[in-house]
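Could you put together the complete structure from these sequences and hints?
Protein chains: 2
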Amino acid sequence: MASDCTVLKLRYIGTAYHGWQRQKNVPTVQETLEKAVSAALGRPVSLVGCGRTDAGVHAEVYAANFRGSCSIPLDRLPLALNARLPDDIAVLDACSADSDFHAVFSCKRKEYTYLIYNSGLRDPFYVHRACFFPERLDLDLMRAAAARMTGTFDCAAFRSVGTNVKTTVRTVYDFEITRSGDIIRARICADGFLYNMARAMVGTAVYSGLGKISPEEIGSIILSGNRCLAGPTMPPEGLYMTRVVYSAEPVRSMMDG
Amino acid sequence: MASDCTVLKLRYIGTAYHGWQRQKNVPTVQETLEKAVSAALGRPVSLVGCGRTDAGVHAEVYAANFRGSCSIPLDRLPLALNARLPDDIAVLDACSADSDFHAVFSCKRKEYTYLIYNSGLRDPFYVHRACFFPERLDLDLMRAAAARMTGTFDCAAFRSVGTNVKTTVRTVYDFEITRSGDIIRARICADGFLYNMARAMVGTAVYSGLGKISPEEIGSIILSGNRCLAGPTMPPEGLYMTRVVYSAEPVRSMMDG
Numbered sequence: 001m002a003s004d005c006t007v008l009k010l011r012y013i014g015t016a017y018h019g020w021q022r023q024k025n026v027p028t029v030q031e032t033l034e035k036a037v038s039a040a041l042g043r044p045v046s047l048v049g050c051g052r053t054d055a056g057v058h059a060e061v062y063a064a065n066f067r068g069s070c071s072i073p074l075d076r077l078p079l080a081l082n083a084r085l086p087d088d089i090a091v092l093d094a095c096s097a098d099s100d101f102h103a104v105f106s107c108k109r110k111e112y113t114y115l116i117y118n119s120g121l122r123d124p125f126y127v128h129r130a131c132f133f134p135e136r137l138d139l140d141l142m143r144a145a146a147a148r149m150t151g152t153f154d155c156a157a158f159r160s161v162g163t164n165v166k167t168t169v170r171t172v173y174d175f176e177i178t179r180s181g182d183i184i185r186a187r188i189c190a191d192g193f194l195y196n197m198a199r200a201m202v203g204t205a206v207y208s209g210l211g212k213i214s215p216e217e218i219g220s221i222i223l224s225g226n227r228c229l230a231g232p233t234m235p236p237e238g239l240y241m242t243r244v245v246y247s248a249e250p251v252r253s254m255m256d257g
Numbered sequence: 001m002a003s004d005c006t007v008l009k010l011r012y013i014g015t016a017y018h019g020w021q022r023q024k025n026v027p028t029v030q031e032t033l034e035k036a037v038s039a040a041l042g043r044p045v046s047l048v049g050c051g052r053t054d055a056g057v058h059a060e061v062y063a064a065n066f067r068g069s070c071s072i073p074l075d076r077l078p079l080a081l082n083a084r085l086p087d088d089i090a091v092l093d094a095c096s097a098d099s100d101f102h103a104v105f106s107c108k109r110k111e112y113t114y115l116i117y118n119s120g121l122r123d124p125f126y127v128h129r130a131c132f133f134p135e136r137l138d139l140d141l142m143r144a145a146a147a148r149m150t151g152t153f154d155c156a157a158f159r160s161v162g163t164n165v166k167t168t169v170r171t172v173y174d175f176e177i178t179r180s181g182d183i184i185r186a187r188i189c190a191d192g193f194l195y196n197m198a199r200a201m202v203g204t205a206v207y208s209g210l211g212k213i214s215p216e217e218i219g220s221i222i223l224s225g226n227r228c229l230a231g232p233t234m235p236p237e238g239l240y241m242t243r244v245v246y247s248a249e250p251v252r253s254m255m256d257g
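First to last, the sequence lines map onto chains A and B.
The opening position of the first sequence corresponds to residue 1 in the working numbering, with each subsequent residue numbered one higher.
The opening position of the second sequence corresponds to residue 1 in the working numbering, with each subsequent residue numbered one higher.
One should not assume that every hint holds.
Copies of the same chain look alike in the list, so a pair counts if it works inside one copy or between any two.
[To be verified] The calculated lysine to any residue pairs, modelled on SDA-like cross-linking and capped at a C-alpha distance of 25 Å, are:
#, residue 1, residue 2
1, K35, Y126
2, K35, V127
3, K35, F132
4, K35, L121
5, K212, L137
The set of hints was computed from the structure by calculation and includes no laboratory data.
Quick caveat: nothing in here was measured; it's all calculated off a predicted structure.
The structure is reproduced here in structure tokens:
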């Protein structure tokens, strides 16, 4: 029995796009990819993406699925689609999945990584690829703040308005902050992210690193559910979707490979 | 006695520019930087750059000097200039030099590094930052070819036409090829480079890696002085100027620091 669901593993630089989600009159990753898939398969194809990434946000890995027959063998699909895609979007792999697979609802965990270029002078090599932040940041304070933003809790204080969700409770499995040279890397793994949540959590850790929010205050900020008490939403260019976890094979293996 | 020569250490992503050298009606790094320096110092400033980089070529480090008084303290000059420069060009450091310093003629050695993204599928993260080359390359053959392109020899076979030079003999101190994951890095250090020489030498090593030019043929290609016998000029997006060596202090220390 042939599956009627095909899953694509993508990578893209989001600088030129208004995010994943199709919108009128602006270029989006979804529309660009849907055009390529539709042209390659010779039929109109709609894609389901694993999440809304915002304008300027990148994806090291991203999952999207479509339904219906796929007339191109899966092992040739990446090359066939890449030939029709601009240089800043690539299909890395493809597999078939059970017909009830859904890139959003089947997703168990997602990971975002935020890059801060923390140096007195900006570096052209990181333009559009990291957030330039010249002020001194205390990594110990950032880590203490991050530790208090893990666990299962109401993330409303880290949510930008504009989306309707049933619950604002999420489980943050890991919020790790490391430094290598001038690059600070903040990696957040959760079962889901509210709108702008990753960038607001990084902004809160950055405010801790500046001494503007004490790590001890994070608990009460979370309890308040008040977005104004948490740190700022960091700019999009530093944000990368870096992992998407599914339990069902072969999607799990493909996305982690 | 105040020096009347100021040396700038630069970094830039060359994608948006038609190379270093000022030309009519197209954006160049030289013109962009001269405008910023002139505006900051309040007088017209002409820059001497350490080399012509081509359109699309990048510089991890690049040296340029100007003459005349500098009304801004050297330690504040990078920030003052960066405030007037686009994001893809940055001044990393500045120092004063003897009045006979000249970014080209005082230069002892230069190093270029060429990045090849050698994988079956292109990677959006390397667009404009490396040359995508999907064919299999034999690294041992590339290294054997590179070894035969070192020493002091007539480099005419690796020169594109279009420049007048007194001699086409250059000393190539080092031509090293390494691989890390899907990235092949070719690093060439020489006392000088003819027009397109670095890209033609890498193209020749690539042809060896493909089995199209045997390393044993390199000697006769050099002796022939015939550009048509060597490998192709690789595209510019993979090329970086990575080191510029001067003997005079404090320029030497600044460029290596």
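Results of checking the hints against the structure:
no.	hint	result
1	K35 - Y126	between (30 Å within a copy, 23 Å between copies)
2	K35 - V127	between (29 Å within a copy, 21 Å between copies)
3	K35 - F132	between (34 Å within a copy, 24 Å between copies)
4	K35 - L121	between (41 Å within a copy, 20 Å between copies)
5	K212 - L137	within (11 Å within a copy, 53 Å between copies)
Comparing the model with each numbered hint stated earlier shows that all of them hold.
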